[in-house]
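A.B. asks: With the hints as constraints, model all of the structure from the sequences given.
Going down the list, the protein sequences come from chains A and B.
Sequential numbering from 827 applies to the first sequence in our numbering.
Sequential numbering from 146 applies to the second sequence in our numbering.
Among these hints, one or two may not hold up.
What the hints assert, rightly or not - With a straight-line cut-off of 30 Å between C-alpha atoms, the simulated DSS-like cross-links for lysine-lysine are:
1. 890/A / 402/B
2. 147/B / 411/B
3. 883/A / 475/B
4. 892/A / 193/B
5. 1101/A / 484/B
6. 411/B / 946/A
7. 1100/A / 147/B
8. 241/B / 1030/A
9. 890/A / 947/A
10. 1030/A / 252/B
11. 475/B / 892/A
12. 944/A / 182/B
13. 252/B / 241/B
14. 854/A / 1064/A
15. 1188/A / 1131/A
16. 484/B / 402/B
17. 252/B / 944/A
18. 193/B / 182/B
19. 1064/A / 890/A
20. 147/B / 459/B
21. 1030/A / 1188/A
22. 892/A / 946/A
23. 475/B / 947/A
24. 252/B / 947/A
25. 147/B / 484/B
26. 1100/A / 276/B
27. 276/B / 946/A
28. 147/B / 1101/A
29. 946/A / 147/B
30. 147/B / 446/B
31. 906/A / 892/A
32. 947/A / 241/B
33. 182/B / 947/A
34. 241/B / 944/A
35. 906/A / 854/A
As the list claims (entries may be wrong) - A few chain A residues that don't get close to chain B, going by computed Cβ distances all over 10 Å:
36. 1106
37. 1138
38. 1139
No wet-lab data here; the hints were simulated from the structure.
Beta carbons are placed, not taken as given, at the ideal position from N, Cα and C, and that holds for glycine.
Given next are the chains, with one letter for each unit.
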Amino acid sequence: MGSYVVGIGVISAIGNNVEENFDSLVSKRTGIGALTHFSTSHDVPVGQIDLTNDELKEMLGLPKAKTYSRTALLGMVAVKEALRDAGIDVHAGLRIGLISSTSAGGMDLSENFYVEMKGKKDGGRLRNVVSHDCGDSTEQIASALGINGFLSTISTACSSSANALMLADRLLNHDQLDVVVAGGIDPLCKFTINGFSSLMILDKELCRPFDATRAGLNLGEAAGFVVLQRNKPADGKKCYCRLAGYANANDAFHQTATSPDGDGPLLAMSGALKKAGIRPEEVDYVNVHGTGTGNNDQSEGTAMKRLFGENVPRFSSTKVYTGHTLGAAGGIEAVYSALAISRDVIFPTFNFKNPIEELAMKPETEVIRNAGIKVVMSNSFGFGGNVSSLVFSAE
Amino acid sequence: MKCYIRNMSAISPQPTFATDSFLTDVVETVVDANCLKAVEPDYKECIKEAGLRRRMSHVIKMGVASALNCVEGAQGAMPDAIITATGLGCLADTEKFLQSIVENDEKLLNPTSFIQSTFNTIGGQIALILKRQCYNFTYVHRGFSFESAVLDAMMQLEEGDASNVLVGGIDEVTDTEYRVMERMGFWRSGAKMGEGAQFFMLSSTVSSQDVAQISGLCTFLADTSDYSQKVQSFLASCGMTLADVDLVLSGECGDAKMDASLLSWKASIPANMPTATFKHLCGEYQTASSFGVWCAANILKNQMVPSALRPVGKSDNVRRILVFNSYRNKNCSLFLLEKVE
Chain A
827 MGSYVVGIGV ISAIGNNVEE NFDSLVSKRT GIGALTHFST SHDVPVGQID LTNDELKEML
887 GLPKAKTYSR TALLGMVAVK EALRDAGIDV HAGLRIGLIS STSAGGMDLS ENFYVEMKGK
947 KDGGRLRNVV SHDCGDSTEQ IASALGINGF LSTISTACSS SANALMLADR LLNHDQLDVV
1007 VAGGIDPLCK FTINGFSSLM ILDKELCRPF DATRAGLNLG EAAGFVVLQR NKPADGKKCY
1067 CRLAGYANAN DAFHQTATSP DGDGPLLAMS GALKKAGIRP EEVDYVNVHG TGTGNNDQSE
1127 GTAMKRLFGE NVPRFSSTKV YTGHTLGAAG GIEAVYSALA ISRDVIFPTF NFKNPIEELA
1187 MKPETEVIRN AGIKVVMSNS FGFGGNVSSL VFSAE
Chain B
146 MKCYIRNMSA ISPQPTFATD SFLTDVVETV VDANCLKAVE PDYKECIKEA GLRRRMSHVI
206 KMGVASALNC VEGAQGAMPD AIITATGLGC LADTEKFLQS IVENDEKLLN PTSFIQSTFN
266 TIGGQIALIL KRQCYNFTYV HRGFSFESAV LDAMMQLEEG DASNVLVGGI DEVTDTEYRV
326 MERMGFWRSG AKMGEGAQFF MLSSTVSSQD VAQISGLCTF LADTSDYSQK VQSFLASCGM
386 TLADVDLVLS GECGDAKMDA SLLSWKASIP ANMPTATFKH LCGEYQTASS FGVWCAANIL
446 KNQMVPSALR PVGKSDNVRR ILVFNSYRNK NCSLFLLEKV E
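C.D. replies: Shown next as structure tokens:
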């Protein structure tokens, strides 16, 4: 445990790279808006990345005629940025692994294939279904960027990419690899929009995490990756922070809902601190899961109260900027956590107004600079009871 | 890194579930020559809660029943971590939800199939039924899924955070997948699709009733040119050479193109090396290597290679088995299993 974050990469509704994301975060500029890339009958705002697949291919120097899932394309953008940021030469003989994660896999293409193939023997283009599985995007990214070590893909719903970072650190500890790129990706697609709509947890307006008036989440698309290495980088080399601790648990309460008293989230958060050897009062900022659903925020808030007592640290949900990016959430929020520590800043949940009565918790609503951020906790909770918490610390 | 298989369970296209016999009554005739469907147990016996069972799709039932059976026979060991592996997850639920989107024009959809379509559904259900709030992971990387799960489990056991880890590989065949694979010409030269759910209780300490020991595993992409070198360095990392291996159990699917890397390696090993194969019994799927490991462990426990596994060469006193699996000539994996002495 305790590997170092030496590179970061992100693409989301608030920017195509780290600097654009940072700029939006400190300018209180949301990426939530209209969906234009495909049509759906659901009138809900989303966190869409405005670049089309063709534009992404052009950006990456890929042949336009070749079919890639949006998952693979977004992942390539973020992984490429992270590797470059870390100054990693993939040909230098290092054992470089890629641990990715996604909840939708290549669904952005296969959902169209499925419509075309219905009732027709030869309906649908096969090139739209070969990337359906989650491993495809990981292999496409590895092949495009020359990563030739251990590859794996995790899918534990909305906690997926936090788990990718956990596995990455453990692989480094076991000396299975020298460098690991870890994170996650999810594209917007009809499947997930309809899925979350059928659960009636999509807000028709901008989501309001931890607000008494919250009415659900906004879906978003993104890819976020970090480059981890086991040894502390030499002086002068880039280093954002350390992945000091983490824990994964299962709420074992319900297939989709989190327990009202936050048992699972508490296990994840307290387990992560224990592993990091950090006391609750040392946490300077929590990047909460904070989706804006009635269930999540109530459960997460309750767990935070149980862990921190009356001294809940400063916290915020960055989902008001990006939407809930599902399998990518833990990845992009790891990037934001790294920025919070290295640039000493808290990104606000700028639209918060009314505290949930029984919790009386208030996320930060203004950008706070020089906040003395040394320890950041990042939470990711998902379907299937999967709950994960990461703790980052200044070197 | 090594671990012990405390218990295991398999629901496969063969009568492998809750039986002491080891591939003696192989199902030769199948409904469709290109597709091997699992021989399913009476799920009422395995998943007691009727309401819960009714909501479960085929793949969830297979996975949960196999997992619970594995835990039940694990000499009282309860899992400190639950790790599932699946290539395509709950595919039928995914297709069902897609179909409802199309048919109902995105209106008034029932969320059940969406909820159950997530890849971690089986892992979540197992935790829910066993009431285990422990570490819970789901790997979804093609022919590296089950391998990632076992590697994770072995690291957990070595880290000491867990004493017993429940690991399983689960995949199902659906009609849509069948049609897609048919159009891709996947089995042109005799490959079959398959499905199954194999679970293993892996432990850090040895016990007299253990089935076998897993002494190591590795994964690599088939574009590696020198497979002999890969095998050699893997065995060396386990402190062995090929001469120490008593049996090679391989997972060729029957399609020469898809088996190219595996077959080229097999052509390079000494002619007197005893071999056997397993995929003609379980069919090809992303987590089929879990069936291979189940077979290898059973060979070590029963000290016999059933004729159904098509053994070539004499192999008595089998102490070490090298399992070589390949998926679509892309994902290759090696497992070394040893007899518990």
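A.B. asks: Each of the hints needs a verdict: does it hold here or not?
C.D. replies: Going through the hints against the structure:
1. 890/A / 402/B: holds (28 Å)
2. 147/B / 411/B: holds (26 Å)
3. 883/A / 475/B: holds (24 Å)
4. 892/A / 193/B: violated (49 Å)
5. 1101/A / 484/B: violated (35 Å)
6. 411/B / 946/A: Violated: residue 411/B and residue 946/A sit about 41 Å apart, past 30 Å.
7. 1100/A / 147/B: Holds, because 27 Å separates the two Cα atoms, which is no more than 30 Å.
8. 241/B / 1030/A: Given that 30 Å is the threshold and the Cα spacing comes to 26 Å, the pair holds.
9. 890/A / 947/A: holds (28 Å)
10. 1030/A / 252/B: The given pair, whose Cα atoms are some 16 Å apart, holds under the 30 Å limit.
11. 475/B / 892/A: holds (20 Å)
12. 944/A / 182/B: Within the cut-off at roughly 23 Å; holds.
13. 252/B / 241/B: Holds - the C-alpha atoms of residue 241/B and residue 252/B are around 15 Å apart, at most 30 Å.
14. 854/A / 1064/A: Distance ~27 Å between residue 854/A and residue 1064/A Cα, so the pair holds.
15. 1188/A / 1131/A: holds (12 Å)
16. 484/B / 402/B: Not OK: residue 484/B and residue 402/B at ~33 Å, beyond 30 Å, violated.
17. 252/B / 944/A: holds (19 Å)
18. 193/B / 182/B: holds (23 Å)
19. 1064/A / 890/A: It is violated: about 35 Å lies between the C-alpha atoms, which goes past 30 Å.
20. 147/B / 459/B: holds (27 Å)
21. 1030/A / 1188/A: Holds. Residue 1030/A to residue 1188/A sits at ~23 Å (cutoff 30 Å).
22. 892/A / 946/A: Since the Cα atoms of residue 892/A and residue 946/A sit roughly 25 Å apart, the hinted pair holds (cutoff 30 Å).
23. 475/B / 947/A: holds (28 Å)
24. 252/B / 947/A: OK: residue 252/B and residue 947/A at ~27 Å, within 30 Å.
25. 147/B / 484/B: holds (12 Å)
26. 1100/A / 276/B: Holds, because 23 Å separates the two Cα atoms, which is no more than 30 Å.
27. 276/B / 946/A: violated (45 Å)
28. 147/B / 1101/A: OK: residue 147/B and residue 1101/A at ~24 Å, within 30 Å.
29. 946/A / 147/B: At roughly 50 Å apart (the allowed maximum being 30 Å), residue 147/B and residue 946/A break the hint.
30. 147/B / 446/B: Holds: residue 147/B and residue 446/B sit about 17 Å apart, inside 30 Å.
31. 906/A / 892/A: Answer holds: residue 906/A to residue 892/A is near 19 Å, not above 30 Å.
32. 947/A / 241/B: Given that 30 Å is the threshold and the Cα spacing comes to 19 Å, the pair holds.
33. 182/B / 947/A: holds (22 Å)
34. 241/B / 944/A: Holds, at roughly 12 Å.
35. 906/A / 854/A: Roughly 27 Å between the alpha carbons, so the hint for residue 906/A and residue 854/A holds.
36. 1106: Check passes; 20 Å lies beyond 10 Å.
37. 1138: holds (23 Å)
38. 1139: Nearest chain B Cβ is 24 Å from residue 1139/A, so the label holds.
Consistency with the previously given hints fails for numbers 4, 5, 6, 16, 19, 27, 29, ordered from lowest to highest.
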